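Residue numbers (the numbering used here), protein chains in the order written: chain A, 9 to 331; chain B, 2 to 124; chain C, 1468 to 1639.
Worth flagging that the hints you see were computed from the coordinates, not collected in a lab.
Please read all numbers here as calculations on a predicted model, not as lab measurements.
Built from N, CA and C at the ideal position, the CB exists for glycine as well.
One or more of the hints may lead you astray.
[To be verified] Distance ranges between label pairs, derived from CB positions:
| hint | chain 1 | residue 1 | chain 2 | residue 2 | range |
| --- | --- | --- | --- | --- | --- |
| 1 | C | Tyr1533 | A | Phe287 | 58 to 64 Å |
| 2 | B | Pro52 | C | Ala1493 | 39 to 45 Å |
| 3 | B | Pro52 | A | Leu27 | 34 to 40 Å |
Residue-level listing of the chains:
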Amino acid sequence: MSEVLEVALRIVLVLGAFLTLPLLVGQTEHKAMAHMQSRLGPMYAGGFHGWAQLVADGVKFAQKEDVVPAAADRAVFKLAPAVALIPYLVVIVAIPVAPGWVGHDLDAGLFFVLAVMGVGVLGSLMAGWASANKFSLLGGLRSAAQLMAYELPFLLAAASVAMAAGTLSLPGIVDAWQPWWLLWQLPGAAVFFLAGLAELQRPPFDMPVADSEIIFGAYTEYTGLRFALFLLAEYAGIVVLCALTTVLFLGGWKGPFDEALWGAPGVVWTLAKTMLLAFVVIWLRVSYPRLREDQLQRLAWQGLVPVALGQLALTGVVAVMVG
Amino acid sequence: MDGFYGGYALVGLVLLVGVAFVTVAFTANRLLRVTVPGGDKALTYECGVDPVGEGWAQSHVRYYVFTYLYVIFAVDAIYLFPWATVFAAPGFGMTTLVEMFVFIGFLAVGLLYAWRKGVLTWQ
Amino acid sequence: MKVPGAGLAKGLVVTLRTMGRRSVTAQYPDVKPELPPRSRGVIALLEENCTVCMLCARECPDWCIYIDSHKETIPAPPGGRERQRNVLDRFDIDFSLCMYCGICIEACPFDALFWSPEFEYAELDIRDLTHGKERLGEWMRTVPPPPAHDEHGVRAKEVEAAQKAADKATGS
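Just need the whole structure built from these sequences, with the hints factored in.
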């Protein structure tokens, strides 16, 4: 009985994190981006500085009509938002927030996470194809190109950490992590974070949804709840990417102080690092203009891939020398 | 919920929870929404003018060469992960590392060749 | 020496610094804007000053002022003769046509038209933007007092003449 209860509790916690953290990131984006642009952002919903804006948005989206274009491939069109969203929920299972605090310690956790995150992008490809819209098709093609280019440095950078830690289990990686890895794995961390941003199609890598030229790319034809699910998937993706970067490169639940001296619970450290990275994601969005398609490809193939390969070599040599 | 299959059973459960979440959301939507089908809103969006031709228009996929590169490297990456967990273990050491570097080196030279050939430019 | 990536860092610094500053957003419906007295919000009409000379309607570049009037005879006072004067029946400004050039206000020789900073008169139908003399008269309350004269400036010649007359009467 208690085992069933424990599993239920884990699932509820995973679902809770999945439903609240993206909203937190979204609200932070509303407010931080507004103030970076010398605006105020939402001020009304909920009374105090518009804290309930996204709740209000959710209520609005739930009431909107479900419009499917006549020309669209109906089944694929309707399925696409779920395909984009659910993988991020599943990924959260494998992400540890504190010692023992993990949905499940999968022994091939890193591999599992990378594989499932790749599925999420299929959602935008499906949307781009099924909409039967030229903007959507172009957006979908650009998504595919971007996935192709950035999946590789993403994988290689993650592999570098696996080499350093000698395990694919995410809690195992955090256990093996040492503070000097910050320097050792720095190029890998940068490559992983940037490539992850590009896979999420976040600015400045938002060519597939470039609003000034192809409306909203693959999501042009979407309204109402389906559109909301795509947005939720984007923000869940930010949470997952930031949490993964935290776990792989920033030491997860390990704080800078001796735990006996200043014993902040590991959950606080993991969440703090994740939110800090999420802020960086927002900060990059506000600060930089969109990269052109050829610049995107050049950055991936001539910038990130060589750096990731170099990081692999560095990790291999150092790991063998230390070991 | 122990062991190899136990862990993936939990993953399966969470997947079901995800499907349930989407189902609940759309059931709520069905109860709350207005439905006025037909009209211009079902028309394909093309900046307000009537759509020209069909949406699945022909276009030039400019990145198919990148796709080949990607497939080659992705297969390599899959080999990389199991190797990464054992290469530094006692009994493997330098030899294993050099072997993998030879393997990655071939790919890196391939990338360099593609680069020099001008394949990595978007035209 | 040029550090590579310095431009990227500069961009990040700019946004972060802006986030620390007060935002410039005007909280409009909650906080009314403080508009300068000469703001061109709406044109107000002081009906008593209007003599129906039609100068404003004729000068208006887009013909958005509509004036109707009739003549009224004032009965002769004892020993005098009858006089006629114009009575204003209709003074409409169509604010959907008005381009807020202010030429009517400049043209009015009798100070019957004024700028008011009032701007909240949006309507749901464009035809409701034509306002009559009652509404234009109500806006007179929102016209700010004219700014004080520059004390070092040259005084108006009427004032000079009156001063001279007053000096003559009291003094020498």
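Check the structure against each numbered hint from earlier and tell me which ones fail, lowest number first.
none
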